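Student: The chain contents come next:
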Amino acid sequence: MYSDKYSSVTDAIAKVTRGSRVMVGSFGMAGYPGALIEALADSGIGDLTIISNDLGAPGVGLGRLLSNNQIRGLIGTYYNWNPEVATAYNEGRISVKLVPQGTFAEAIRAAGVGIPAFFTPTAAGTQLAEGKETRRFDDRPCVLEEAIHADVALIKAYKADELGNLVYYKTARNFNPVMAMAADLVIAEVDEIVPSGSLDPECVITPHIYVDVLTMKGN
Amino acid sequence: MQTISEQEAKERIARTIARHFDQEAEAGRLFINLGVGIPTMVANYVTSPRIYVQAENGMLGVGCAAPEDRQDHDLINAGRACVTETPGCSYLDSAASFGMIRGGHVDATVIGAFEVDQDANIANWIIPNGKQLGVGGAMDLVSGAREVVIAMQHLSKTGKSKLVRKCSLPITGIGEADMVVTEYAVFVFEHNQLILRETAPEITLEELRSITEADFIVP
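Chains as they are written, first to last, in this note's numbering: chain A, 141 to 359; chain B, 21 to 239.
These are calculated hints, taken from the structure and not from any lab test.
One or more of the hints may lead you astray.
To be verified - Straight-line C-alpha distance at most 25 angstroms; calculated SDA-like pairs for lysine to any residue:
hint, chain 1, residue 1, chain 2, residue 2
1, A, K145, A, S183
2, A, K237, B, E88
3, B, K151, A, S183
4, A, K310, B, E88
5, A, K299, B, H93
Since we're looking at a predicted model, the values are computed, not measured.
Using the sequences and the hints given, assemble the complete structure.
Tutor: Laid out in structure tokens, this is it:
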């Protein structure tokens with residue numbers, strides 16, 4: 141199937157430059173752009189800030205980027221599945237910014253929809269709100285959280301059409317649709333590209349305006 | 021005081037919470053979110069057909085654990101366990117899923133805890149020992165869900181009361197706990213007070229006081 145957005149995995153990853161802020165969709169290994177991450181690890185591009193829910197497992201998936209010393213900083217929610225993250229952080233090799241998961245998702249969404257910051261009751265009064273402005277709304281303390289934007293988003297969808305409209309599969313959807321809105325360059329790894337007009341318009345989750353590059357594993 | 025085995029303790033806690041939800045669901049549909057560990061076991065014991073399970077990684081209508089021959093690694097709950105669909109289930113992106121929680125649409129969340137104090141503060145996200153680095157959705161869930169049910173064994177592995185006067189570990193949320201269920205007792209927080217609701221047959225009130233650091237009221 142022809143798409144003018146189509147690129148090989150290697151060519152797609154060549155667009156990621158040293159020092160970039162890179163968002164990566166996934167929750168554990170569900171909805172994980174595996175071919176793109178393997179190519180990113182193979183490329184050795186370094187000094188990256190990785191914005192993702194977690195960092196996979198030691199030496200596996202996104203964990204490979206840490207084993208390869210390609211990471212300068214992490215912004216995410218949960219690194220207990222990969223104990224190498226705590227070790228690297230304790231040794232001062234990387235910076236880690238922990239964000240509550242719902243706030244993380246909303247901050248990415250906010251970046252995508254033009255909202256620079258928002259107040260949320262989540263985390264008020266906790267360690268994760270330290271240094272952040274707090275204000276009361278409806279008599280509840282709320283924390284000011286800033287939008288999270290990236291240079292590049294690497295996302296995984298189930299199917300794309302030639303234009304780049306995306307549909308997802310079950311809980312592999314997770315952070316992918318919001319990340320598709322929140323980066324300057326959006327690269328989507330898909331399992332299949334179908335003709336335009338063959339996806340039910342009612343079922344398109346990510347309209348093609350957000351998608352810059354389409355790629356598929358093994359190409 | 022008769023001791024209760026760990027397995028029996030966990031099953032009893034899950035059964036007690038399931039009974040509480042079955043009663044609540046008599047009034048209408050009930051939407052619940054279940055954390056990892058004992059909370060997940062609650063789903064095994066609820067009997068009401070009006071109870072729907074939400075998973076914060078993006079699913080409403082989570083079914084039972086997937087049998088080994090039907091595991092789909094893109095169909096998981098927030099504990100990364102493979103699950104199944106129920107008729108009428110739906111998928112959401114992470115921002116919409118946490119919006120559902122933060123927006124107060126999820127009736128209850130069941131979570132484990134390291135400590136809960138008599139002011140309803142919860143500590144369940146980190147033991148600062150340098151090995152953990154993750155918050156996940158814990159802070160979003162305790163501040164967003166209407167009712168926060170704590171499922172935890174009464175004593176820590178070293179035999180200390182987990183119901184304390186004041187949390188010593190970093191808190192997840194201020195004053196968010198509504199109910200605490202242990203193998204020995206059920207407590208609720210009402211009007212800023214911890215109130216004893218039920219006691220297990222293996223324990224006397226005096227014995228319960230001796231293993232509980234927090235002050236509680238016996239109605």
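Student: For every hint, state whether the structure bears it out.
Tutor: Quick rundown of the hints versus the structure:
1. Of the pairs offered as hints, the one joining A/K145 and A/S183 holds, with about 22 angstroms between alpha carbons and a cut-off of 25 angstroms not exceeded.
2. Restraint check: the Cα-Cα separation between A/K237 and B/E88 comes to about 37 angstroms, which exceeds 25 angstroms; the hinted pair is violated.
3. Our distance criterion of 25 angstroms between C-alpha atoms is broken by B/K151 and A/S183, whose separation comes to about 30 angstroms.
4. At roughly 18 angstroms between alpha-carbon atoms, A/K310 and B/E88 fall within 25 angstroms of each other, so this suggested pair holds.
5. The hinted pair formed by A/K299 and B/H93 meets the criterion: a straight-line CA distance of about 17 angstroms does not exceed 25 angstroms.
Against the hints set out earlier in the document, violations occur for numbers 2, 3.
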